[in-house]
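Just need the whole structure built from these sequences, with the hints factored in.
Protein sequences, first through last, are from chains S and B.
For the first sequence, this note's numbering gives the first residue as 140, with consecutive numbering after it.
For the second sequence, this note's numbering gives the first residue as 23, with consecutive numbering after it.
One or more of the hints may lead you astray.
A few chain S residues facing chain B, derived, Cβ under 10 Å [said to hold, decoys possible]:
| hint | residue |
| --- | --- |
| 1 | S148 |
| 2 | E183 |
| 3 | F204 |
| 4 | E241 |
| 5 | G248 |
With a cut-off of at most 25 Å between alpha-carbon atoms, the simulated SDA-like pairs for lysine to any residue come out as follows [said to hold, decoys possible]:
| hint | chain 1 | residue 1 | chain 2 | residue 2 |
| --- | --- | --- | --- | --- |
| 6 | B | K78 | S | S226 |
| 7 | B | K78 | S | L178 |
| 8 | S | K196 | B | K81 |
| 9 | B | K78 | S | Y244 |
| 10 | B | K132 | B | Q28 |
| 11 | S | K150 | B | E60 |
| 12 | S | K196 | B | K132 |
| 13 | B | K92 | S | E241 |
| 14 | B | K81 | S | S226 |
| 15 | B | K78 | S | G190 |
| 16 | B | K132 | S | G179 |
| 17 | S | K196 | B | K78 |
| 18 | B | K128 | S | E183 |
| 19 | S | K196 | S | T236 |
| 20 | B | K92 | S | F184 |
| 21 | B | K78 | S | K150 |
| 22 | B | K132 | S | L178 |
| 23 | B | K128 | S | S226 |
| 24 | B | K128 | S | K196 |
| 25 | B | K81 | B | L25 |
In silico contact screen, one side only, chain B against chain S (beta carbon under 7 Å); selected entries [to be verified]:
| hint | residue |
| --- | --- |
| 26 | L67 |
| 27 | W123 |
| 28 | G124 |
Note that these hints are calculated values from the structure, not bench results.
All residues carry an ideal CB built from backbone N, CA and C; glycine is no exception.
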Amino acid sequence: GAGVSQSPSNKVTEKGKDVELRCDPISGHTALYWYRQSLGQGLEFLIYFQGNSAPDKSGLPSDRFSAERTGGSVSTLTIQRTQQEDSAVYLCASGNTGRPEETQYFGPGTRLLVL
Amino acid sequence: TQLLEQSPQFLSIQEGENLTVYCNSSSVFSSLQWYRQEPGEGPVLLVTVVTGGEVKKLKRLTFQFGDARKDSSLHITAAQPGDTGLYLCAGAPESNYQLIWGAGTKLIIKP
Chain S
140 GAGVSQSPSN
150 KVTEKGKDVE
160 LRCDPISGHT
170 ALYWYRQSLG
180 QGLEFLIYFQ
190 GNSAPDKSGL
200 PSDRFSAERT
210 GGSVSTLTIQ
220 RTQQEDSAVY
230 LCASGNTGRP
240 EETQYFGPGT
250 RLLVL
Chain B
23 TQLLEQSPQF
33 LSIQEGENLT
43 VYCNSSSVFS
53 SLQWYRQEPG
63 EGPVLLVTVV
73 TGGEVKKLKR
83 LTFQFGDARK
93 DSSLHITAAQ
103 PGDTGLYLCA
113 GAPESNYQLI
123 WGAGTKLIIK
133 P
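In structure tokens:
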């Protein structure tokens with residue numbers, strides 16, 4: 140596609156429910172990143188995919204968070220038993236090769252509110 | 023743990039003024055990027071600097087990478103309301119593939 144897309148754009152859920160966030164990267168990009176951003180703050184790294192593999196899961200905050208990528212394309216970030224502190228904007232980015240100096244192309248994010 | 027410290031965290035100035043945003047670390051980076059993020063959108067890359075001492079200009083924006091590749095600055099001349107946004111720096115460590123992100127500088131330019 141022309142850019143990175145994410146869905147849903149907004150999600151309101153009740154504490155304890157599970158949520159799935161989707162990312163469609165730029166076609167052909169092998170690298171995919173998930174970040175979390177609290178209001179007006181910097182980016183907190185969650186996980187990095189190279190193809191379908193996740194060589195770096197170090198940023199996942201707890202075992203309630205998981206992510207997968209299929210077909211080297213679409214990725215899903217799942218948060219189980221959501222907590223209020225999970226409320227944030229979840230950003231996805233893709234890159235052509237995964238080299239750290241290359242441009243990361245970001246989606247518009249999913250705004251998650253846990254009540 | 024490698025850190026990138028950005029300063030100031032918040033800056034509100036009048037249109038036409040000049041400003042500088044700083045990004046500092048005790049670690050060496052092989053490259054450093056600056057992104058701008060507008061409300062409701064993801065960050066967009068402005069520039070990548072890779073050589074110590076490098077200076078890059080993008081219209082009224084001037085980016086500099088420190089000689090030792092540990093710090094960087096972004097200078098905006100004659101700021102415009104359209105420059106309003108969150109400015110983020112991100113460094114690529116020499117020994118790791120993962121970008122290190124600064125906490126961001128929220129910039130507001132008042133007409």
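Which hints, by number, does the structure contradict?
Violated hints: 3, 6, 7, 8, 12, 14, 15, 17, 21, 24, 25; rest satisfied.
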